[in-house]
Every structure is written in structure tokens, then in C-alpha cells.
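J.: Each chain, letter by letter, is given below.
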Amino acid sequence: MAHKHSNESTPRQKTYGVLAEFDNVSSLMAAAKVVRDAGYTKWDAHTPFPVHGLDDAMGVKPTKLPWVIFGAGLTGLSFALGLQWWTNAHDYQFLISGKPMFSLPANVPVIFELTVLFSAFTAFFGCLAFNKLPELFHPLFGSARFRKATDDRFFISVEAADPQFDVVKTSGMLKSLHSTNVETVMVDDSPEAARIPKGIVLGTAVLASLTLIPLALIARAREVTTTKPRVHIIPDDMDQQYKFKAQTAYSFFADGRASRVPPEGTVAVEDLEPGTPFQTGKQGETFLAQLPPEVVMSDALMARGQERYDVYCAPCHGLSGYGDGLVAKRADRLREGTWVPPSSLHSDNVRAQAIGQLFNSISFGVRNMPAYGPLIPEQDRWAIVTYVKALQLSQYAPKDAVPAEDLPALQ
Amino acid sequence: MHAIHKTEDRTSVETLAPSLIKVGAILAVLGLGAAAFVGLRGEDGGKHFWFSYLHNLTFVLTISLGALFFVILQHLTRAGWSAALRRIAEFMTGNLWILAIAFLPILLQVLSHKTTIYIWLDEELAQNDHLIHAKHGYLNASFFAARCVFYFVVWTGLARFYGKRSLAQDHNGDLKHTVTMQKFSPISMLLFASTLTFAAFDILMSLDPHWYSTMFGVYIFAGTVLSFLAACILMTRYVQSHGALTKTVTVEHYHDLGKLQFGFVFFWSYIAFSQFMLYWYANIPEETIWYKHRMEGGWTNWSWALLFGHFAIPFIGLISRHAKRRLPILSFWAAYLLVMHWVDLYWLIMPNLDPHHAPFGLVDVACCVGMVGLWLAGFGVASKGKNLLAVRDPRLNESLAFQNF
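Residue numbers (this note's numbering), protein chains in the order written: chain A, 617 to 1027; chain B, 308 to 712.
Certain hints may be false.
Have a look at the derived ranges for each label pair, beta carbon to beta carbon [said to hold, decoys possible]:
id : chain 1 : residue 1 : chain 2 : residue 2 : range
1  : B       : A500      : A       : T663      : 51 to 59 Å
2  : A       : A654      : B       : M496      : 20 to 28 Å
3  : B       : A619      : A       : H754      : 42 to 50 Å
4  : A       : V676      : B       : V320      : 34 to 42 Å
5  : A       : H668      : B       : G604      : 54 to 62 Å
6  : B       : A441      : A       : G891      : 48 to 56 Å
7  : A       : K649      : B       : V336      : 53 to 61 Å
8  : B       : I636      : A       : A654      : 51 to 59 Å
9  : B       : Y588      : A       : H754      : 49 to 57 Å
Think about it this way: if two alpha-carbon atoms lie no more than 30 Å apart in a straight line, the pair counts; the simulated DSSO-like pairs of lysine-lysine are [as the list claims (entries may be wrong)]:
id : chain 1 : residue 1 : chain 2 : residue 2
10 : A       : K677      : B       : K693
11 : B       : K554      : B       : K693
12 : B       : K554      : A       : K649
These are calculated hints, taken from the structure and not from any lab test.
All figures in this text were calculated on a predicted structure; none of them were measured in a lab.
Where is the CB? At the ideal position from N, CA and C, for every residue including glycine.
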């Protein structure tokens, strides 16, 4: 309702602007053009449905939003590129399917998605922002007739804030444009109206402080220790497993143990017969200096040895045996202080070892190197040691071992 | 909101069609003649000529097929905005029968088992090569020929079905034509989609019978619609420059064509990249060899040209609303995209002729001129004496009043 001015105890009112009502589209359009041409800038038209051509009639300039969206899209693209570079190629280099660490074709799906996501969010929220939405209250809601703006009437409102605004002149102009009603819209200007109601302020403060509670609880949990069992948020989680651990009691069996004793005749792995020289590389206490009779030296054996060496040994000892394998290199780079470098197979003490000792080291492990016996069958282990011997020879060959035609190149 | 009365605007230009026929025919004869003269006498037994012939025929065929897709689509979706443009697209489908005749030399080669173009025709290869032997039930001369005939029969049949009824409606405005065209549009679209997909497999993909891609049909489809939209923009501008349809086809229609153009630039890129990425990632030699040929040697630059020229540059060029509403800019991009579509098909087809370097020469230019001439002449024949506007289409008023945002 348009409030009338009063000299008494009604709240202080300010003119918001002038509202003109029209009952058809063509008079609205014509009026809009007149208002546009008269030079007004702070005004708007209100219609129940979109009216084609109203933008032009009002002189509305094309929006800058597309440029903002374009910028957002570029941001999304750069962000996606940076994200994938950082996580896959820099911070924790992740080798996937043998592809390059920073691999553009593999990165494209995420780039595409983030470009679109940033653009779409910007389009939506940008549209709201450019329209200054959400707007909880508008002075025009004070006009009872304005309700028809969502029904079957069309309106033009001109704000008092417009530099050209004059209540009499503007109302007069609008009246002359075939409007069915022109009214002055007032808005409550008193300081009480501008203040946010106490209840809302109080409620927001309470809610804001409530949100600190979970954060405080988390902070506390990180610092405090407890002997109480963990809170199980998800019941029947795998925290409680219905199984018996070793060395626990269980009354079901006569001896009261949950673990059963191994049956008669069980042999522990460590108690196994040491085996033949073919299996251990040792004859009694001495390491074999020659291949055992079960292994026949041949080109095929050497080739197999090279192939198996490259598979099992090269990751640590390197392809040429110097202890520069990929695993060793990475461990060096990580510098965690727990790594013992693998031996160079060309060091003096390794070269001095008999072939049986090499075999024994592979089979049962030595110092930090684990036992490879369970992984590699004996025949292959012998092939590997023949290859290791060949590698060692290659680095320390005497001059007369070099074929005549290659000598000049070395001199 | 301004409904333009149809009779205010010129809807036909008597001199247009005859000049298109004349110029087109001359270009066709000169172009194809020169190409044949140079190409068939070469040391390669005419291989380059036949590949170029196939390439350029495919180029103009995809434009007309894109037009057919557009016509069926407008009926399928009961679209109103396009009614003012649809007759131009219908004329483009009207030259499919001429392109069918132009396909005959290739068909004859297939039926006489000449392995100039399709190596799977070689009987010895079909026996000894494991893969080609396995595909022999599909890739053999008679089945292939039967399929090609079927494709062209379906395409020319659909073109005639829609063209005839649209033209008949000019005289009496009978709504039953629109109803019929709408009613058969779903099955028409299914027929179109399946024939285009399998034609792509047969005519283009079988050039390398060891390779396959299930996405290939979609890839060709993307280029097909893209090239039609470009041709439609250019042809409509051409017609307007001769005084017809100047008030009926407005910047609003061009804006929508531009939007579709932009969308299909991106769609093509999406499909092209998807096909590439899946093969790159799986890294299976049987599949990657096709890309290896196109990424190495003399073909590297063509691949870069496609990545930037067919995707990145037109994407940026067409993204702005203003680019789509300024006709000189839009026409530039339309012409540019037609060229890039030609480059795309060249990149698809020619590495089968020479996997190591691009055999670009006079034959390619001459064949292109010849086939484009043939296509233009066909358009002229289809449009001779007919209205350029579907004057009594029930949705024409909606199209004339159409406004974009």
C-alpha cells in the first residue's frame, strides 16, 4: 500500500520511485522507448512473461557475463592442468601404464571437466550476482497493485535515485504514455527499518557458535589420548573380527588354546634338509667353484640368465650390476635414511666370491637382500649367476680376451 | 514480433540455378578432366587419382548427407525456426542422385576386383592374411557393392520423400504433407544413422582393412553435419546476395546456424579426441598403427593442423555471440570450416595411399574443383524453377518471426 505522508507518528518514509501500470505489451514497449530516450538510467520494466524486444526498447546493453565465464573457463583449464601436473608429475610421480609422467592426452578429460565446471558455476552464480540476487526485499512489494506483475499487468518503475527523477515530471511523463495507473512508491526510511531485527542477529550468532563445536571436538581429539575403545560409528565394522588370534585362550579345545599344535611329523621351513649342491650352491661348508652337474653351460643358459637377471636383479643392482637400479636410485632420491645401497657386483669382494656363494646369496638372501629362492627356480638361479660372472668379466676383462677387431677402438 | 509478409520478399531468382548449372558443369568437366589426365597417366597406375576422386566425392557427399540429416531433424523435432532455411537444405539433398552416379566408377572398380583403392579385393590377400580372411564375409566385392547401392538408394529415396512433399506443399499448403513428413521422420532418422555409419565403415574405414574403430561412424557424422552447416550459411548468403530471401532469412537464423556450427566444431573435436585417446591409452599396436602413421613423418603437420585448425582456432573464433551475428565473420568461419573438413577427410584417406608423407598435388586440387563443381551443378538442377522458400509451410510464420537472445 502506498503510504500517505503524515505529520504524526507514522514511521519516516522516503520516496523510492514512481510505478506506472500498463495493460498490454505494445503500450509497455512504446513507453519503455520513451523512458529510454528521455535519458533515464535507474529504471526497470516488470512483466509476467518474457517480452521479445524489450531489451532493445529499454536500451539494455549486452552483459559482460560471457567474458567473466570465459575467464572462469580459462581458470578451470589452468587449474586442471596444474592439478594434474603437481599430483602426477611433480609431488608424487606416478607411473601409470608406462605413459609419460605429465601426459597431456590422459589429462584432457579432467581439463575438459573442470573447464566446463568452472564455466557453468560462474554462469549460474554470475547471473545471480549480476542481477544482485538474492534480494530479500524490494520496495515495490509495498504496492498492492504491483502484485499483478506476475499476473496480467505490465509495469515500469523509475527510481528516485535516478539523476533525472522528479516526482511531478516523471509521473506526468508516465501518465501521458497510456498507462492505466501511476503511483508514487514509498519505502520505510527510518533507522529502525534499516536495522536487522535482533532475533535474526541473535539466531545467526548462536548458529555460528554452534558450528565451532564439531571443530573444537576434532581439535581436542587430536591432542588427547584415551584408554577407552574407539567409538564405532559404523556398527559391524571390521574393527570387530570374529576370529582367534595366536596365543589366545579358547575353552572349546581340551588344552584351552585357540591355536592348535602342528601334527606329528611337521617340519618347519627352516628345518628343511639343506639340500643338494644344486639347491644350495654349497658342498658341505664350501661354496661351489663350478656349476653343479645338473647345469650345463650353453648360450641358451647365458641368454636365460641375462633375461632373468634383468627381471629380478636389475631393479636394485642395475642392468650393468653397479648397484644403480631404478629402485636404488629412487631410494637415494627419497633420502629417508633407512636404505642400504645394493652391492655393486663389480666390487672386489663380490668378484672374489665363488659362483656357489653368489647362488647361495640369491637363494637365501644376504644382509638386507631378501631370499629369492622361493621366487626363482634353481635352474634359473644358476643361469643368473653365470650371467653375473659374465657381467663381471665384461668390466674387468684382460686385454687378450678382447677380439682382435675391437682392440683399436679401445686404444 | 514483426511478422513479415511473405510476398514482400523475393523467393526465387530465375538466373541463379542456370548459372550454377553452367558454372558447375564447366568446373566439373575441367577439374575432373584435368585430374584424370594428370593422374591416370602417372607411374602409380592412377592410384593417387582414384584416392583423390574418392576423397573429394566423399567431401561433397558429406555436405549433402548433412543436409539430409538437417531436413529429417527439423521434421523430427517439429522445429519452427528453420522453416525459412529448409528449402535450401532440401535442394542440397537433391543432388544426391548425381553423386550416386559419380560413385559408379568406384563401384565398377570394386566389382572388377581392382585393388587400386580397396586392397581387401585381392583374392590372394583374402586367403593368406588372417585378418582380411576373417573379414571376408563382409568385405567382399558383391556384398560391398550391394551395400553401397543400398546406401545410395536409401539416401536418394529419403531426399526425394522429403523434397517432393515439401515442394508439393508450395502449391496447396496441404497440412497432410507436414504430417506425413513428421510421421516418417523417426524411421527416416534411424535409416539415415545406420546407412551413414555403415557407409563410413565400408567406403572409408575399409581403406585400411586391418584397422577398425567403432566410433568411426560418429566421427564421420560429426564432420558431415559440420560441413553442411558451413555450406548452408554460405549458400544462403549467396542467394541473398542475388536479392532473394533478404528479409525472410534474418540474422536470427544465421545466429542459430552459427550456434550449431560452434556446437559441432566442439562435437567433432570431442569425438576425434575420444577416438584418439582410447587408442592412445590402450596402446594396442593393432589399433595405434593408424595413428602412428598420421602422427609421424610427413603427416605430423597435418595432425597439428587438425588439432589447432579444426578445433582450437574455430572454437575461439565462433564462441562469441557477436561473431555469430556478424555475417562477414560467420561466413569466414563457414568457408574456413569447409576447408578444414576437406583437410580432415584428406588426413583420413590419404595416409592409406602413402603412410609416410602427404602426396598433395595438382590432382587433389583439380579433383576438388571438379567435385565441387559437380555438387553446385547438382544444386542448380535440383533448384531450377523452384521456390527458394517453403512458402506455404505451416511453420513459416514462426520462422519469420523468430528471434534469438
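J.: Of the numbered hints stated previously, which ones are contradicted by the structure, given in increasing order?
T.: As far as the earlier hints go, 1, 2, 8, 10 are violated by this structure, in ascending order.
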